[in-house]
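Add chain D with the ligands to chain R, keeping to what the hints say.
Spelled out, the chains give:
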Amino acid sequence: MSGLFKGRTWWKRTDLKKRYDVVIIGGGGHGCATAYYLAKNFGITNVAVLEKNYIGAGGTGRNTTIIRSNYRTPEGIRFYERSMELFRGLSQELDINMMLSKLGHFTLAHTDSSVRVQRERGETNRLLGVDSRLIGVEEIRELCPELNLSRDVAFPIQAALYHPPGSVLRHDAVVWGYATGAYHRGVELHQGVEVTGIRKDSTGKCVGVETNEGPIDAGVVISAVAGWTTSVCDMAGVRTPITNHPLQAFVTEPVKPMLHKILVSASLHVYVSQTDRGEFLIGSEIEPYTTFNLRSTFTFTQHSSANALDLVPQLARLKIMRQWTGYCDMTPDYSPIMGETGVENFYLDAGWGTWGFKATAVCGETMAQMAATQKTPDLIAPFRLSRFADEQLVPEKAAASVSH
Amino acid sequence: MSHFSIRCPNCGPRACSEFSYNGEVRPLADPDASEEAEIARLWLRRNVTGLQRERWFHAAGCRRFVTITRDTRTNLIVAQPGEPAGDVAKHA
Ligand SMILES: Cc1cc2nc3c(=O)[nH]c(=O)nc-3n(C[C@H](O)[C@H](O)[C@H](O)COP(=O)(O)OP(=O)(O)OC[C@H]3O[C@@H](n4cnc5c(N)ncnc54)[C@H](O)[C@@H]3O)c2cc1C
Ligand SMILES: [Zn+2]
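The listed protein sequences correspond, in order, to chains R and D. Residue 164 in the numbering used here sits at position 164 of the first sequence, with consecutive numbering throughout. Residue 20 in the numbering used here sits at position 20 of the second sequence, with consecutive numbering throughout.
Only chain R is shown next, with the shape it has when bound in the complex (with noise of 0.2 angstroms):
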């Protein structure tokens, strides 16, 4: 028996070469999807993933997988939108079953501005052809009689935006599936490898990167690290707004399937699903401050058991099993930093906050497609570094504040 797992891993670290077409920084989801599509949709596989600890290490491993579309401004629910379709078909496409479980999603309305919020949501999302729509609280009874719609709590429950695509699917998976998928097609993965420096020439364009393993020359370098975007940024002399706050989550013991729905509720500041494997996961807001310390903490438990508890109090007797902290790279609008950066070659893929994972799929293909072609795609144009210069934000607080 021990002897079967042996060898078996599903990529092979080969020896670093001198120069990659594209060097792609980071091995999170979206560093392997943008490898995988730049294989697959362009051909280019003379392409190296640079991962300094192991594949999915970052808040692709972290995250409570939640994927949907239901966004505040057309930009950005157009570019969910693009993802959804993508993850549609991808346990097929990567031959690796993502486990995605369309649930349904519901954000609770607690007050009038919530509801009128919720109301504008619906109403753009389902312009743009997203099944989105606010419902009230018989509705929300007949779809989900496991939540407590009781006027007895500080805080009744007056509606829901209710988003029947709301998904949940494996995090690991989709990594793995990402990864293995580029390997077959040519792509190398090196784990252990961190980049310590962005080389330029003397002209100011970037030409390759300084690792722990030496120096690599590329054509086009490409950052998708994430919460550690500012370090990377550093080497580059690039500047970006993002600030890093930890997002915190926990899974109970598991139970029996009851919660068939995820329920979201910006209000408290909490939300919640069951897993395939039965633990509720339970999770929250972002510190309210910057911090790099990953630690735990009990005002966390504390807060979001309190107020997961005014929306199932049925979870009352559970044992928590697990806690855990993720980085996630803050922007003052709640949207993604996408593409030019000023430096040439030097592409990013970052401020994806606590709402990254559901871009996976997207960002792959788009930043694919900015690397091959070297032009900025219409779907991320907006999310460029250079919008907050232009003061041309794409606010979608609303959307995604409670951080999923």
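Just so you know, the hints here were simulated from the structure itself, not pulled from any lab data. Since the structure is predicted, the reported quantities are computational estimates derived from the model, not experimental observations. Be aware that one or more of the hints could be misleading.
Heads up, simulated SDA-like pairs for lysine to any residue below, C-alpha to C-alpha not over 25 angstroms straight-line [as the list claims (entries may be wrong)]:
#	chain 1	residue 1	chain 2	residue 2
1	R	Lys-375	R	Phe-388
2	R	Lys-200	D	Arg-45
3	R	Lys-205	D	Leu-44
Derived list of chain R stretches under chain D, where covered just means 3 residues or more per stretch with a C-beta under 8 angstroms from a C-beta of chain D [to be verified]:
#	segment
4	233-242
5	285-291
6	294-307
Just so you know, even glycine gets a beta-carbon here, dropped at the ideal spot from N, CA and C.
Chain D with the ligands alone, transformed into the frame defined by chain R:
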């Protein structure tokens, strides 16, 4: 939230949860600054891993702003309000 306490000059040592975070200290507005410098001041952040000079607002207390130095790796406060800033990197 980690538990650290900020020594408010008006109220004494209080839990950081009484304060709201106002971010890293930024250069003051300069009416003669170039547009580029003004955009940087408004939008760009150092997001430092290490010692950071930062502002907190005592929302649940005297409602004054205080400035401290905190190590963002450990959340230990290196300089409480009124104490010398310590060895913090200056704004670009
Ligand atoms: C608790 C929690 C819950 C979340 N829930 C959701 C959710 O429900 N839905 C959603 O859409 N999003 C969610 N998110 C956000 C999501 O996890 C991230 O935005 C997303 O995973 C980012 O993926 P990525 O591939 O860009 O980066 P990551 O997965 O973070 O990968 C970056 C990689 O870069 C590597 N790296 C860093 N620096 C270097 C270097 N110098 N050299 C080489 N490699 C380097 C790191 O080791 C890391 O593996 C959540 C986040 C957290 C923390
Ligand atoms: Zn005070």
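inquiry  = Checking each numbered hint in turn, tell me which of them this model violates, lowest number first.
reply    = Hint check: nothing fails, all pass.
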